[in-house]
Amino acid sequence: MTWEAVIGIETHVELLTRSKMFCGCPTDFGAEPNRNVCPVCLGLPGALPVPNEKAIEWTIALGVALGCSIAPRSVFHRKNYFYADLPKNYQISQYDLPLCSGGHLDVDAGAGVRRVGITRVHLEEDTGKSTHLGAGGRIQEAVATLLDFNRSGIPLLEAVSEPDIRTPDEARAYAQELRGIVLALGISDARLEEGSMRFDANVSLRPLGATAFGTKVEVKNMNSLRSLQRALAHEIERQGKILDGGGAVAQETRHWDEEAGRTRAGRSKEESSDYRYFTEPDLMPLVVDDTTVGRIRAGLPELPAARRGRYVASGVEENAARTLVAGGLADLFDRAVTAGASARGAANWLTGEVTAHLNRTDGDTAALALDAAGLAELVAMVEGGELSSTAAKDVLIAVLAGEGTPRAVAGARDLLQVSDEGAIATLVTAVLAEHPAEVARVVAGEEKLVGFLVGKVMRAGGGKADPKVVDRLVRKQTRR
Amino acid sequence: MDSADLSIAGAGARLRSGELTAVDLLTAVRRRASMTEAILHAYLTIDHEGALVAAEAADAALARGEDRGPLHGIPIALKDNMVTRGIETTCSSRILAGYRPPYDATVVERLKDAGAVIFGKTNLDEFAMGSSTENSAYGPTLNPWDPDRVPGGSSGGSAAAVAVGSAFGALGSDTGGSIRQPGSLTGTVGMKPTYGLVSRYGLIAFASSLDQIGPITRTVDDSVTMFEAIAGHDPSDATSYRGRVPEVRPGLDAGVKGLKIGIVRELSGEGTAPDVAASFRRTLDALAGAGAEIRELSLPSTEHALSAYYLIAPAECSANLARFDGVRYGPRIGGRNVEEMMSATRRDGFGPEVTRRILLGTYALSAGYYDAFYGQAQKVRTLVVEDFRRAYAEVDVLVTPTSPTTAFAVGEKANDPLAMYLSDICTIPSNLSGDPAISVPCGLDSSGLPIGFQVLAPALGEGVMFRTARVVEELSGFTARPALATSEGAV
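Going down the list, the sequences are from chains W and V. Numbers 1 to 480, taken from our numbering, label the letters of the first sequence in order. Numbers 1001 to 1491, taken from our numbering, label the letters of the second sequence in order.
No wet-lab data here; the hints were simulated from the structure. Among the clues, some could well be false.
As the list claims (entries may be wrong) - Here are a few chain V residues that sit away from chain W, every Cβ distance over 10 Å (derived from the structure):
no., residue
1, 1001
2, 1237
3, 1253
4, 1272
What the hints assert, rightly or not - Footprint (simulated), chain V over chain W, 3 or more residues, beta carbon under 8 Å:
no., stretch
5, 278-289
6, 306-314
7, 337-350
8, 355-361
Said to hold, decoys possible - DEER-style ranges, computed between Cβ atoms:
no., chain 1, residue 1, chain 2, residue 2, range
9, V, 1344, W, 33, 21 to 29 Å
10, V, 1085, W, 195, 41 to 49 Å
11, V, 1066, W, 193, 56 to 64 Å
12, W, 299, V, 1331, 24 to 32 Å
13, W, 10, V, 1367, 19 to 27 Å
14, V, 1242, W, 306, 35 to 43 Å
15, V, 1100, W, 365, 45 to 53 Å
16, W, 166, V, 1369, 32 to 40 Å
These figures come from a predicted structure and were not determined experimentally. For each residue, glycine too, the CB sits at the ideal point set by N, CA and C.
The task is simple: from the sequences and hints, build the whole structure.
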């Protein structure tokens, strides 16, 4: 049987607002435990929530960016469940009247653009953080549990996709595109490894061509795009084997174990929960007027898809455009172009050597030693014939290592190319005079010896003469 | 006259004339408390030290010419479900035994800003759930008119303290009548403001969409004074009203001439004790004599209001009380894991009525029951709101007896929750609609127990409500004092 995977993704994004969702506590990451707390986010008796307007605006911004309709009136609900790091033992969330609904996101995993529906985008509050002391780091075997409420009440946006995704590659492309939009909007730092952006996937299999859904499994705990892809590939394989063997997939939550490379069943208890949602009586319905939505829409920055389109139109290849935007290099690219670099040239260096450098050093684009002026200078030097591509690569590596500007590095290392035609012509004349026999054979039509002569000239010039100019002048001077 | 029996206005006048000091006023309520508390148990905590410091500061300020207004130097009591920084706040529950909040409720801040002296924290039915103040983990409060009877509830401690003179005024909270019914049963003035006019920040929630803080005083004038001190927008409460607080003082003595007063057919007949009905009727006649036009109206939805209330309030309470789990504050009963710890702590910490309502609410919200119970109750609530709107298109205020009976005997309804719930029949509708209402003493029954007359007004109609209440107060000439307040020597 050929199975088709049906995947939907729930994405949680911690918003980078200065204060928490329902109180004035700061949201900075890494503070000493239980420092960023107050009666509201600790769930003390009598405390009441007051919604963070910025978080609401940012959620609307993502909704608009995803083509959602924005509810003129939405409602916060209480989601009831008992857990030690949930201070009120209910989470303020949204239920049947979310802020944004009915959008879409176009993704391209290499097999053409596919449209993934966005069911909803809503706003809720994050929980505190439990640290279970003891061997397994799991609550069941813990000797004690430490609670840190710094994270409690941080605004958490949830975006839910339709089950429109079919492959792990598409899932990754979806997650990457969504992350790109979040970053472009500047509403979160979207760091997967720190948990400020988290993906949970619902995945089921069905016979290819079928329309009914199979039994779905929720996969959690993927903290990189790669592990999202791997976890889904594993889960699809696992479910395929069960179904091929005539078995039935159990509806459950499974946790991705990155080291073991497989998913493990979570506690079955989680499945039977009834959250007893009801309207949060401490908050008024959220009323958003058209003017606000219009203002937010008008203030949206250029989104990744539009940016890629602009790059392609300016001569950058599709793949390079994708890498620039997804790799966080687009701003540098834009500034380099403004500083005079050709689009194609800037794109080539950024998607080639600079990306390789970032991968090699696990580096941060913000900490690059290469600035826009430097990149523009490098591109101009190569295109102006001052630097050979081989030399330019060495220069760029040195620049990235913090050795200085491209021109300074090229000068210090004596890598500047001679492209002054007069100087090269003199050199060519001298070398040709030293090799009369070869010159005669070229004149007689033995084309392949041109390369030999060019080589001799290059060597005589210490490798700094522009090979294109040398080639042209050698041909010119051997022509009859 | 003992100065503990003065009204807030009277005490304030003597304070300003130099006849009395704030410390004198404090001494008066302390003496009254020391003579009555052994019987009444109105207070859970008396902050002797803090109150003395505040009273001395009030005197010093006044000596400097700094007058914070009518509550300056006046000893006030707070129902123990309003948090007070550093002072034990228990909601009469074991689950908060020893709990000292790190902050003051907004109303507490406002009272302090107004110069009031916070004297102590009063007893209540646990988490404000009850109508007799018998459901307290720390023992019941008794009625100063007859210590064999209950003072009503859940703000019974506040009402008893004000009635007997161990506070000049007090704050209560009213979710289904918890200020007005004890006001009625203790011969005091109990007022519930329009929902949203008084901040709930720092009020330990029972049912958030119904809870409202309001004053219990000995006169309508004092009620106005306290209302003015605590009302107003609070950015810490998202349900707080953002507009202007209605001005109530200017037209207070304008009388009822030409006012249209409605009586509610469904709330003034069946089940009302004969003495209560008679007193209500007498007051009504007096109002007509004073120039009011009396009309009878029907509010058909009120028949279902009680049932709707007993679904909505427990549903909200089941979530509001979920935070009491032994994790972050309050006593903790150990267990092998966190679930066991939470269960044991909650089982031990909550009394039977609270447990009953949490269970009721949990069921009402459960999958498969939600539509039939909670969903349906919300529809009834909408009908109640619509009924009131229709009524207020015809009349300016509505009036009812506050409670169908006068104070009942201790233990009489303690084991019959339904009978207890019925004592709130006249007060619950205005919590569902969010409208203001006030109970004013209008007479005594044949056993010498006070009877309350309730005035209801549309949202933000505090002006006409107080104005009517003021006339009721004058017409009924209620000057009686509870036995316990006038028999000092004998106690």
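Hints and how they fare:
1. 1001: holds, 38 Å
2. 1237: At about 5 Å from chain W, residue 1237 (chain V) fails to clear the 10 Å cut-off, so the statement is violated.
3. 1253: holds, 36 Å
4. 1272: With a cut-off of 10 Å, residue 1272 (chain V) remains clear of chain W, as the shortest Cβ separation is near 32 Å.
5. 278-289: holds (count 5)
6. 306-314: violated (count 0)
7. 337-350: Violated - the stretch 337-350 of chain W has 0 residues with a Cβ nearer than 8 Å to chain V, which falls short of three.
8. 355-361: violated (count 0)
9. V:1344 x W:33: 21 to 29 Å: Once the Cβ atoms are compared, 26 Å apart, the range 21 to 29 Å for residue 33 (chain W) and residue 1344 (chain V) holds.
10. V:1085 x W:195: 41 to 49 Å: violated, 35 Å
11. V:1066 x W:193: 56 to 64 Å: At roughly 58 Å between Cβ atoms, residue 193 (chain W) and residue 1066 (chain V) fall inside 56 to 64 Å, so the hint holds.
12. W:299 x V:1331: 24 to 32 Å: With a Cβ separation near 51 Å, residue 299 (chain W) and residue 1331 (chain V) fall outside 24 to 32 Å, so the hint is violated.
13. W:10 x V:1367: 19 to 27 Å: The hint (19 to 27 Å, Cβ to Cβ) holds, given that residue 10 (chain W) and residue 1367 (chain V) are roughly 20 Å apart.
14. V:1242 x W:306: 35 to 43 Å: Roughly 40 Å apart at Cβ, these two residues keep to the hinted range, so it holds.
15. V:1100 x W:365: 45 to 53 Å: holds, 50 Å
16. W:166 x V:1369: 32 to 40 Å: holds, 39 Å
Hints 2, 6, 7, 8, 10 and 12 from the earlier list are contradicted by this structure; the remaining hints agree with it.
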